[in-house]
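Chains as they are written, first to last, in the numbering used here: chain A, -6 to 279; chain B, 8 to 275; chain C, 15 to 286.
Just to be clear, a hint being listed does not mean it is correct.
Unchecked claim - With a straight-line Cα cutoff of 30 Å, these simulated DSS-like cross-link-like pairs (lysine-lysine) come out: (1) B:K201 <-> A:K97; (2) A:K47 <-> B:K201; (3) C:K70 <-> B:K245; (4) C:K224 <-> B:K217; (5) A:K231 <-> C:K224; (6) C:K70 <-> C:K169; (7) C:K169 <-> C:K196; (8) B:K17 <-> B:K201; (9) A:K102 <-> A:K47.
It should be emphasised that the hints constitute simulated quantities derived from the structure, not laboratory data.
Treat the numbers as computed from the prediction; the structure is a model and nothing was measured.
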Amino acid sequence: MMIEVENLYFTYPGNVQALKGVNLSIEEGEFVAIVGPNGSGKTTLALHFNGLLKPTRGCVYVKGKDTRETCVEELSTVVGYVFQNPNHQLFNLTVRDEIAFALKRRLTKSELEERVEDALSLFGLKAFEDLNPFTLSLPLKKLVAMATVYAMKPEVFVLDEPTTGQDFFGAKLVENAVLKVRDTGKTIIVITHDMKFVARHAKRVIVMVDGEIAFNGEPRELFDQSTQDARKTLERAKIKPPKTALLSYMLRQDGGFKDLPANLLIPEEFVEALAKLRSKSVVKCL
Amino acid sequence: MSLKGFYIQKDSWLHRLDPRTKMAYLVVSAAVVFIFFNPLAVLAVLFINLILIFLAKTYVVLKGALAKILLIALVLNIVVHGFASPAGKTPVSLFNYTLWIPFFESLKWEGMYVGLVFGLRIVALGLSLLFFVSTTHPTDFLNSLRRLGLPVKYTLMLSISLQLIPEMLDESRIILNAQRARGVRLKNSVDKLKAIISTFIPLTISSLEKMNIISMSILARGYGAPVKPTEIRRLGLKHVDIIVIFLTFFMLALALYIRIFYGDLSLF
Amino acid sequence: MWFKYNLGREYALKGINLSIEEGEMVGVIGPNGSGKTTLCLTLNGIIPHLLPGEFKGQVVVCGINTLEHSVPEIAQNVGIVFSEPDFQISQLTVEDEIMFGPANLGVPRHEIESRMRDVIEVLGLKGLEKRPPHTLSGGQKQRLAIASVLSMRPKVLVLDEPTTQLDPAGTEEVFQAIKALKERGVTIVVVEHKIDFLAEYADRIVLLYKGRVVLDGRPKEVFSDIDTIVGCNMGLPEVTEIFHLLKKKGLYGKKELPVTLEEAYDEILDSW
């Protein structure tokens, strides 16, 4: 069990209760998305995973270690956290220095070189290694931030809104980088508002509303428009399912497409299903 | 930490005074503490300030960091001047024991007197300032500066700075956390300081950038349009203001009178 | 109209010819760096008055030539909202911020107050009136930025990526507010990456790429031009993507693809 959260309560100074009894477990290698309105506690929860926040009540275990008794510096070698604003994490003169920075006191020179090279090539940053990170575009900065966290070789990658605030191309760049990290076997936790991203890649989605978990399960279940519960959850969280899901639901309910499979999430699936139906069905006469 | 942090919203007649009135008091009280070289005179002003703060019900500001700094300043002044002031002649001895340190010799009464006056002046001034700041809303303060003739360019700049400073502080905190999350060791204050300094330049640049863009948006919001702007906060001198201003200047006049005819009231 | 920033190596805007009717809602799309923000800044005179550079041609808004009038003057008719709320908020409380704009325009006090109540309602800022802006969340700040321009009741409203900082709920609120404004007859220019919204509500879509207008037409027209859109590194509305794939499989033949959910639904029912 990679991360275990038991009855977690957290109150910010000033008596703002951000988390009210959260129970959660995340296994190694999972791809989990945390969604919910702003202020619901997503980031607060995630900041417990690397010990930046300690529970007011309850406990959080990372690989069996209690975060209340482990320091952030140690936890950051297990749980890497990529902040939403890369400017907050970058301050060295070159991309290469940036990636090497936190490793300097922990590794030998050759180990360090190896890690830096590895990170640079995984994220496709070799061409930018001598540039100043601040001069790069936002998606590239995000990649650099990811690379610096990756170089620490944590087992868990937490990303706070990686695709938000970018154009299509930039978002795709970051999305692909996240998938590459996933493919190296890391556990991925993404806080996001991008439901298309969730539909496409998340194996599990956690919906937070007002400091509590409102849903913990597969995206297909969450976006299933035919279940009352799912619909209510989405309403509470003020989230809309991907248009593909809506379209397939509408066609099944009112359009007479009763044979269309439920819970279609992405365009590719939808088109496949429609094609299958088409080849099966008799030509309709309107 | 910004001015806004000191303002305490209560509904007292002192809050409702025009900021210009309170500014006048601030200036006059500052003048009075410097006119006399007698701790009792300074204490008088100090007590007036304390009374004002209590009347305005903003005494919670006395618990803050600034109040503590004032007290430290007072003690420091007494001790430092006690030892080092050239006015010092008579050594201080209690029960036949004299405190003695090399080079500065002993504590002297005259020196302590000097330190007391200086220290109390700082406390009195600090309290005047605290009174002013805790009863005047920053926007009103800036508007009254405008009324007094300060070009609006400067009041706008002040307004933006007051906005940006707490933001920058918040940012530094987030940056420190972000650094820790990527494994940067921030175990002691030196590390923290190094981390903040390394982000200092990009932070300042982005703040300057912000200020530049904010001033553009201000223009884009019609500031300086060829129409007469509407006054939002009604600032005007009411009867109460006139009375207070009169009393303030009376205090000044009295102080000057005493000074001219009776000197600075020094005990030494 | 052509424009090159002083520090720019080449023209940020090249040969732009654009006309927008009163009451139209125009969505401006394009990859980052294509000139969308620059274009927005020419609409209220910030370019060329506050951001100098080489400016050729002219921009006429509400009958006023931006070259001949100052930014504050133009602000009487044109309001602009940027994507970064921190770059627009200058006052010390929420209500000061909202009242700032109309006060500058000499709007009578009681009118300002009623406008303020209106925009606070529309943008969900109730209860926050006395708060200093830096204590607000990102989404609240952005809604404040929009509110403070809205209180000026501009004839033309330019929004540059207004929902970037917002969660889906906040985004929805902003889009609803924009819809309501459209109904009031305000001319709206919105730069957005969330093209699904633009596809549904915009009257026209303008695609900017590398400083030039590459496409300009109805949403259906523009989003059906798949080759150009992909060539400009842009994405499609989700339902359009579905039909694009259907077309590729030979299951759909029409030239123009649906861009909204309703259109997609109807088309599928029609074709099968």
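Going down the list of hints, with the structure as the test:
The suggested pairing of K201 (chain B) with K97 (chain A) holds, with an alpha-carbon distance near 16 Å, which does not exceed 30 Å. Of the pairs offered as hints, the one joining K47 (chain A) and K201 (chain B) holds, with about 25 Å between alpha carbons and a cut-off of 30 Å not exceeded. Of the pairs offered as hints, the one joining K70 (chain C) and K245 (chain B) is violated, with about 55 Å between alpha carbons and a cut-off of 30 Å exceeded. Restraint check: the Cα-Cα separation between K224 (chain C) and K217 (chain B) comes to about 26 Å, which is no more than 30 Å; the hinted pair holds.
A C-alpha spacing of about 36 Å is found between K231 (chain A) and K224 (chain C), which places the hinted pair above 30 Å, so the restraint is violated. Note on K70 (chain C) and K169 (chain C): the hinted pairing holds, with a Cα-Cα distance of about 25 Å set against a maximum of 30 Å. At most 30 Å may separate the alpha-carbon atoms for a hinted pair to count; K169 (chain C) and K196 (chain C) meet this at roughly 11 Å. A threshold of 30 Å between alpha carbons decides the hint, and for K17 (chain B) with K201 (chain B) the separation of about 41 Å lies outside it, so the pair is violated.
Using a Cα cut-off of 30 Å, the hinted pair K102 (chain A) and K47 (chain A) is violated, with the two alpha carbons roughly 34 Å apart.
Checked against the numbered hints above, the structure violates hints 3, 5, 8 and 9; every other hint is satisfied.
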